[in-house]
Amino acid sequence: MKFCATLTVFATNVLLMGEIEPGWTIVVEDVGPDLYRFFLGSFPAHAAADLVQETLIRLVQKHRDGEFDSSKGAIKNYAFGIAKFVRLEALKKKSNFDLVEDETQLDVPSVDNTNHADLVAHLRWAISQLKPIEQELILQMIDEESSFETIAEKFNMPVGTVKSHIHRAKEKLRQIMEVKT
Amino acid sequence: MKNNDGRDNELDQLLKPLKSASPNDLQMQKWKSAVQMNNRKSGKVYATSRTKWAFQLVAAMFVGIVIGAVAFKSNNSSILQSHIVAQISLDDATFERSHDNLD
Numbered sequence: 001m002k003f004c005a006t007l008t009v010f011a012t013n014v015l016l017m018g019e020i021e022p023g024w025t026i027v028v029e030d031v032g033p034d035l036y037r038f039f040l041g042s043f044p045a046h047a048a049a050d051l052v053q054e055t056l057i058r059l060v061q062k063h064r065d066g067e068f069d070s071s072k073g074a075i076k077n078y079a080f081g082i083a084k085f086v087r088l089e090a091l092k093k094k095s096n097f098d099l100v101e102d103e104t105q106l107d108v109p110s111v112d113n114t115n116h117a118d119l120v121a122h123l124r125w126a127i128s129q130l131k132p133i134e135q136e137l138i139l140q141m142i143d144e145e146s147s148f149e150t151i152a153e154k155f156n157m158p159v160g161t162v163k164s165h166i167h168r169a170k171e172k173l174r175q176i177m178e179v180k181t
Numbered sequence: 182m183k184n185n186d187g188r189d190n191e192l193d194q195l196l197k198p199l200k201s202a203s204p205n206d207l208q209m210q211k212w213k214s215a216v217q218m219n220n221r222k223s224g225k226v227y228a229t230s231r232t233k234w235a236f237q238l239v240a241a242m243f244v245g246i247v248i249g250a251v252a253f254k255s256n257n258s259s260i261l262q263s264h265i266v267a268q269i270s271l272d273d274a275t276f277e278r279s280h281d282n283l284d
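For the protein sequence lines, the chains are A and B, in the order given.
Under the working numbering, the letters of the first sequence match residues 1 to 181, in that order.
Under the working numbering, the letters of the second sequence match residues 182 to 284, in that order.
Just to be clear, a hint being listed does not mean it is correct.
To be verified - Computed list of lysine to any residue pairs in SDA-like fashion (alpha-carbon distance at most 20 angstroms, straight line):
#1 K213(B) <-> K93(A)
#2 K211(B) <-> S70(A)
#3 K84(A) <-> E171(A)
#4 K172(A) <-> Q208(B)
#5 K154(A) <-> R188(B)
#6 K163(A) <-> D193(B)
#7 K172(A) <-> E145(A)
#8 K211(B) <-> E136(A)
#9 K211(B) <-> G23(A)
#10 K200(B) <-> R124(A)
#11 K233(B) <-> D34(A)
#12 K211(B) <-> R174(A)
#13 K233(B) <-> E145(A)
#14 K254(B) <-> V244(B)
#15 K200(B) <-> I57(A)
#16 K197(B) <-> S95(A)
#17 K200(B) <-> H167(A)
#18 K200(B) <-> S146(A)
#19 K197(B) <-> N115(A)
#20 K62(A) <-> W234(B)
#21 K76(A) <-> Q208(B)
#22 K93(A) <-> P33(A)
#23 K84(A) <-> T150(A)
#24 K76(A) <-> R124(A)
#25 K197(B) <-> D34(A)
#26 K84(A) <-> N115(A)
#27 K92(A) <-> V27(A)
#28 K200(B) <-> G66(A)
#29 K211(B) <-> R124(A)
#30 K211(B) <-> K154(A)
#31 K92(A) <-> P132(A)
#32 K200(B) <-> K93(A)
What the hints assert, rightly or not - A few chain A residues facing chain B, derived, Cβ under 10 angstroms:
#33 V27
#34 R37
#35 K84
#36 K92
#37 H116
#38 V120
#39 L123
#40 K131
Derived by calculation from the structure, the hints in this document are not laboratory data.
Where is the CB? At the ideal position from N, CA and C, for every residue including glycine.
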């Protein structure tokens, strides 16, 4: 009797281990625009859209493989974790194809303050001038829901360190944008 | 200038062009269909891994039942045996010795 009870408990636990599949259309609507803005901080619009698609596909695959654990955080945070790697991979690929040594110096975009695409390109160029850690933190700050505390948690850093990095990055950004505008 | 919700107003102002950017409907549609297509494709893999997992579960249950049955059987026989031994020794000890003592 005791044996049967143990067996039943074991079987129930195993059956409950599988995650319930989310509605992917809703996930895309919820996470897609935020991911797009995140990638837009480093890549032109068409490349950003492709990288969002790559991130979403990886998200579905990882969910299928049971790698996503909802008890450890929301699916949006998980998607941003994947996006971080996708961005680094894309930057690495991009640098492999670059033949000029200092591409950032050649890419200074002309700015028309009335044109939104110009402003985005200029801001992207300014972000590319920052240190890698500053770039990552600034890209996190594009998301309206991010705060110093949530970023500190994500990057496993003290809140004070995050604040000082972001403050320094902000000052640099301001200087770069003032000079080049 | 930092505000109460853990954000920096000046930085928000600087990042405004990026914050106001949003994907168009066509891009959203493209992502949705890419995700749906991938979901269907990986469904086959999922079914295969589920079948494999179900087989493992059945095998584990079978092994569990066999071990459980063996354990129960060996326990029962030892209890029965010790009971018989106790009965015999009880008869021997109480009856004969008590009669001996009376004589």
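A quick look at each hint next to the structure:
The hinted pair formed by K213(B) and K93(A) fails the criterion: a straight-line CA distance of about 26 angstroms is larger than 20 angstroms. Note on K211(B) and S70(A): the hinted pairing is violated, with a Cα-Cα distance of about 26 angstroms set against a maximum of 20 angstroms. At most 20 angstroms may separate the alpha-carbon atoms for a hinted pair to count; K84(A) and E171(A) exceed this at roughly 24 angstroms. The straight-line distance between the Cα atoms of K172(A) and Q208(B) is roughly 33 angstroms, outside the 20 angstroms bound, and the hint therefore fails.
Note on K154(A) and R188(B): the hinted pairing holds, with a Cα-Cα distance of about 16 angstroms set against a maximum of 20 angstroms. About 14 angstroms separates the Cα atoms of K163(A) and D193(B), which keeps this hinted pair within 20 angstroms; it holds. Only pairs whose Cα atoms come within 20 angstroms are accepted, and K172(A) paired with E145(A) is rejected, the gap being roughly 23 angstroms. For the hint linking K211(B) to E136(A), the alpha-carbon distance of about 27 angstroms lies beyond 20 angstroms, and the restraint is violated.
Distance hint between K211(B) and G23(A) is fulfilled; the C-alpha atoms sit about 16 angstroms from each other, no more than 20 angstroms. For the hint linking K200(B) to R124(A), the alpha-carbon distance of about 12 angstroms falls within 20 angstroms, and the restraint holds. A hinted pair counts as satisfied when its Cα atoms are at most 20 angstroms apart, and K233(B) with D34(A) does not qualify at roughly 37 angstroms. Note on K211(B) and R174(A): the hinted pairing is violated, with a Cα-Cα distance of about 35 angstroms set against a maximum of 20 angstroms.
As the CA atoms of K233(B) and E145(A) are separated by approximately 41 angstroms, the hinted pair breaks the 20 angstroms bound. Proposed proximity of K254(B) and V244(B) is supported: the alpha carbons are some 15 angstroms apart, at most 20 angstroms. For the suggested pair K200(B) and I57(A), the alpha carbons sit about 24 angstroms apart, so the restraint of at most 20 angstroms is broken. Annotation: proposed proximity of K197(B) to S95(A) is violated, straight-line Cα distance about 28 angstroms (limit 20 angstroms).
For the given pair, K200(B) sits about 18 angstroms from H167(A) by alpha-carbon distance, which is consistent with the 20 angstroms threshold. For the suggested pair K200(B) and S146(A), the alpha carbons sit about 12 angstroms apart, so the restraint of at most 20 angstroms is met. For the given pair, K197(B) sits about 13 angstroms from N115(A) by alpha-carbon distance, which is consistent with the 20 angstroms threshold. Note on K62(A) and W234(B): the hinted pairing holds, with a Cα-Cα distance of about 18 angstroms set against a maximum of 20 angstroms.
Of the supplied pair hints, the one linking K76(A) and Q208(B) holds, its CA atoms being roughly 19 angstroms apart against a limit of 20 angstroms. Note on K93(A) and P33(A): the hinted pairing is violated, with a Cα-Cα distance of about 24 angstroms set against a maximum of 20 angstroms. In summary, the hint linking K84(A) to T150(A) is supported, as the alpha carbons are separated by about 15 angstroms, within the 20 angstroms threshold. Taking the CA atoms of K76(A) and R124(A), the gap is near 23 angstroms; set against the 20 angstroms cutoff, the hint is violated.
This hinted pair checks out: K197(B) and D34(A) have alpha carbons roughly 14 angstroms apart, not beyond 20 angstroms. Restraint check: the Cα-Cα separation between K84(A) and N115(A) comes to about 28 angstroms, which exceeds 20 angstroms; the hinted pair is violated. Distance check on the hinted pair: K92(A) and V27(A) sit about 28 angstroms apart at the alpha-carbon level, beyond 20 angstroms; violated. With a C-alpha separation of about 33 angstroms, the suggested pairing of K200(B) with G66(A) is violated against the 20 angstroms cut-off.
With a C-alpha separation of about 24 angstroms, the suggested pair K211(B) and R124(A) falls outside the 20 angstroms cut-off, and the hint is violated. Distance restraint check for K211(B) and K154(A): the Cα-Cα separation of roughly 29 angstroms exceeds the 20 angstroms cut-off, and the hinted pair is therefore not satisfied. Distance hint between K92(A) and P132(A) is fulfilled; the C-alpha atoms sit about 13 angstroms from each other, no more than 20 angstroms. Straight-line distance between C-alpha atoms of K200(B) and K93(A) comes to about 26 angstroms, which puts the hinted pair past the 20 angstroms bound.
The closest approach between the C-beta of V27(A) and any C-beta of chain B is roughly 8 angstroms, which is under the 10 angstroms cut-off, so the hint is satisfied. For R37(A), the interface hint holds, the least distance from its beta-carbon to any beta-carbon of chain B being 6 angstroms, beneath 10 angstroms. Given the 10 angstroms rule on beta carbons, the hint for K84(A) is violated: about 17 angstroms separates it from the nearest Cβ of chain B. Taking 10 angstroms as the C-beta cut-off, the interface hint given for K92(A) is violated, the closest approach to chain B being about 22 angstroms.
Hint on H116(A) holds. Least Cβ distance to chain B is approximately 6 angstroms, under the 10 angstroms limit. Annotation: V120(A) was flagged as interfacial toward chain B, and the flag holds, the nearest CB pair being 5 angstroms apart, inside 10 angstroms. Interface restraint check for L123(A): the shortest CB-CB distance to chain B comes to about 5 angstroms, inside 10 angstroms, so the restraint holds. Hint status for K131(A) relative to chain B: violated, with the closest Cβ pair at about 16 angstroms, above 10 angstroms.
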